[in-house]
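Asks: Take a look at the letters that make up each chain.
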Amino acid sequence: MWKYILNRLLISIPILLCVTFLVFVLLNVVPGDPVALMMKEKVSADVVARVRAQMHLDDPWIIRYFRFLWGLLHGDLGTSYKLQRSVTDLILQAFPRTMVLAFSAALVSWIVGIPAGILSAIRQYSVTDYFFMGFSLAGVSMPVFWSALLFQYVFALKLGWLPVSGFYGWQYVIMPAVVLGWSSAGLIARLTRSSLLDVMRNDYIRTARSKGARELAVITGHALKNALLPVVTIMAIQVASLLSGAVITESVFGIPGVGRIAVDAIKSRDMPLLQGSVLFATILVIIGNLVADILYSFLDPRIRLER
Amino acid sequence: MQDNLLKIKGLRTYFFTRKGIVKAVDGVDIEAKRGKFTALVGESGCGKSVTGLSIMGLIPSSIGKIVDGEIIFEDKDLTKLSYKEMADLRGRDISMIFQEPMTSLNPVLTIGRQVGEPLRIHSSLSSEEIQERVLSILEMVGIPEPRSRLKSYPHQLSGGMRQRVMIAMAMICQPKLLIADEPTTALDVTIQAQILDLMLNLMKKINTSIILITHDLGVVAEVCDDVNVMYAGNIVEKGDVFKIFDKPSHPYTWGLLRSIPRVKNRSRVRRLYTIKGMVPSLLDPPLGCRFADRCDRASDICRKKEPPFNSIEEGHLVKCWLFA
Amino acid sequence: MEKETIFDDVIRAFKENKTALFGLIVVVILIVLAVFAPYVTPYDPYEMDLNNRFLKPSLEHWFGTDMFGRDLFTRVIYGARISLAIGLIPSLIAVSIGAILGVISGYVGGRLGYWVMRMADVVMAFPSLLLAIVVMYTLGATLFNLFIALSVVGWAGAARVVRSQVLSIKEKEFIEAAKAIGVKDLKIMAKHVFPNCLPSLMVLFTMNIPDAILSEASLSFLGVGAQPPTPSWGLLVSNGKEFLFSAPWVAILPGVAIFITVLAFNFIGDGLRDAIDPYLKG
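Heads up: the sequence lines are chains E, L and F, in that order. The opening position of the first sequence corresponds to residue 1 in our numbering, with each subsequent residue numbered one higher. The opening position of the second sequence corresponds to residue 1 in our numbering, with each subsequent residue numbered one higher. The opening position of the third sequence corresponds to residue 1 in our numbering, with each subsequent residue numbered one higher.
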């Protein structure tokens, strides 16, 4: 198992490097001189000069990349053009809000999704199955920005039960968590169902029955342990992906998290901020994938104990 | 007449598929005597595994069911039992072992847990007592260092070991009947012999009767007491093993025996004998004798009417018009 | 026994799965509406009529009018063109590129195969929406660039799936047999490996479409995709956002269109997958 984990860790590092490289090139090199871009926005001359000097823009881009990388290793993601603050600070300030949203949404999706998937699989082709799968499919097919607006319309504007947007207390998290959670729950439910159905087709389930195990024991004692393995890894990846900033949800509900920062950055062409938030998010996703892999190798005895 | 532990009468198990009804087992009578080693022989697809699963009540209800017949075990008709009543018997009085030991064992549960499970289900022994029994049965089936194996997982054992584990699991409650569905097909020939020996030993020690489902006539000749030859969902010949091998009567049985390649005279290159033709579709079985198409000695009546069972000698029956 | 090809499976999928069939019908209707948009809609999607702003849905304006007095139903129908195009084209490109790279990586293997997979890993490391945002920033926010962005984001997943398929097919004995007879590698790839990947490619393609549609809608909603006055559905919802309380239909109805379209494609994708998967499992 440790060999496997080490292997995954080692692969992650070059991937991380390539990611930083790709982001840097896409945002700094390809669009051309950021100052020239800013000039399109009619920025004053001394700002231009300051930025130029600050960014050492007269250096070849490879040097700039390594300088950027160096800064990255020290936690320095540059300075926001618009807000004139350290990008790292802005992100770290916004992240806790994203965390609250992410974990709430994840919780919703697991509490709803996993039982739904299990019940659907056990009662395949029944009303329960169609209901839950319909619910899940809807969750996966609805654009989050639309369901967000729908919820806002019904629960905030028409019924007045919940606040429309903002982030000033726990009531503000309910709608975003549900909206975000619904689509995640849909994914989890579908995966759980198909995984369980797959597992139930295996020979060892027949063996369990041949020993005289009752159906409930077969499902809980034999099937679930196998079926939930892939689900658990998806859960880990999901958390990471939620943490990387639910861009749309934060936008619509006015939650000042990492996703919102990215959107604002692109609107104001604030390249360092966009760069920083995208990198932050991606690093989180990579870590999440790593955690998922490690979790899997830990839970599956076939990998944990290599012959 | 010896005591029949299991008596199957007129069993019909059908599968309901998109393409039609597959009559996998279509009128089968089998008697398994107490203390005896009964064989159910036939090629792939003849319905022998389905027969075994029917006895155990393990036919998945979504695709198949026993539509007719009785399966009398001691004095109960298994086809009439509820799920719960059948589950009580499984693992405790009737056990089954399967062909593929790798896929038949749960990869994420330990050997100790899986072997001990029948005891947990059917008895009220404490976990220490269960563990003791597990260790003793593992030893009995020939697993070296059983104590360290308790925490092992199936993927850590070899094929032969896994099959021994399956046997241990099936025997731990000392069942009266063991159904072995091609237990050695997936194993090496040398291991095969060991497993068969093991089964014979256990049979004597624990007083279990065995039904062996196989396609291997060699194995049948070696260890079995009674033979039932199955073809396309029917039993075509049955009886005492010596009598069957001494006087194989049904053309199919005869064909099976002739198909065993023999290396008698190496200088003469001989063509391998095969039974001409193909197994009929079980979706739409032919009227009359199902072997008629492939039979050298078929006549008109064979194709029109299903032959009855005829007695060749005491304890030897054939389903063929040639002996009517 | 007749030889069953993959097309028989596809047809069977739709015959048996009523929801998949329903999805197909909806998609066909949408395509027809989109293609014949000018004939189906009485109004011009760009023409403003400031005297008739925010009209509620009625017989003259089935979906009402928006903040510039434009007929919403017309704009939604024209928007279907965008959504369908953005659903189908980038998915096709992404799956094609992914398939080619996947087959090469899986079959040829070696250094080339390894590096192709590493590239795919890098692309897949990004949360897809953010990668699309970055690409849009780089290229500039237009609808055309969106096609490029979505293709770039989509190929990696396809490559990975195809590669693992190829690897498992490679091990199969009939490939060894072909090699033993002396069939050349390229021919093996084309005649044996690739056709066996087709089922999963089809499923991959149809499952990619809803993602592409949602991504475009999301990106346009955020303002980094299609630009006004293009009637992209995402943009329509975004436009209506501010008037949610006073004129909810402006934001909500285009969203219904997105929902129904994506749902229909998901029905088709699920149906195909259910029919083809057992085929894969053999």
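Mixed in with the good hints, there may be bad ones.
[To be verified] Computed spacing ranges between beta-carbons, pair by pair: (1) I206(L) x S168(F): 19 to 29 Å; (2) L92(E) x E16(F): 35 to 45 Å; (3) F309(L) x E16(F): 53 to 63 Å; (4) S168(F) x M278(L): 28 to 38 Å; (5) E242(F) x S268(E): 17 to 27 Å.
Worth flagging that the hints you see were computed from the coordinates, not collected in a lab. Just so you know, these numbers come straight off a predicted model, no measurement behind them. For glycine and all other residues, C-beta sits at the position ideal for the given N, C-alpha and C.
Asks: State for each hint whether it applies.
Replies: Structure-based check of each hint:
no. : hint                          : result
1   : I206(L) x S168(F): 19 to 29 Å : 43 Å, violated
2   : L92(E) x E16(F): 35 to 45 Å   : 54 Å, violated
3   : F309(L) x E16(F): 53 to 63 Å  : 43 Å, violated
4   : S168(F) x M278(L): 28 to 38 Å : 30 Å, holds
5   : E242(F) x S268(E): 17 to 27 Å : 19 Å, holds
Of the numbered hints listed earlier, those contradicted by the structure are 1, 2, 3.
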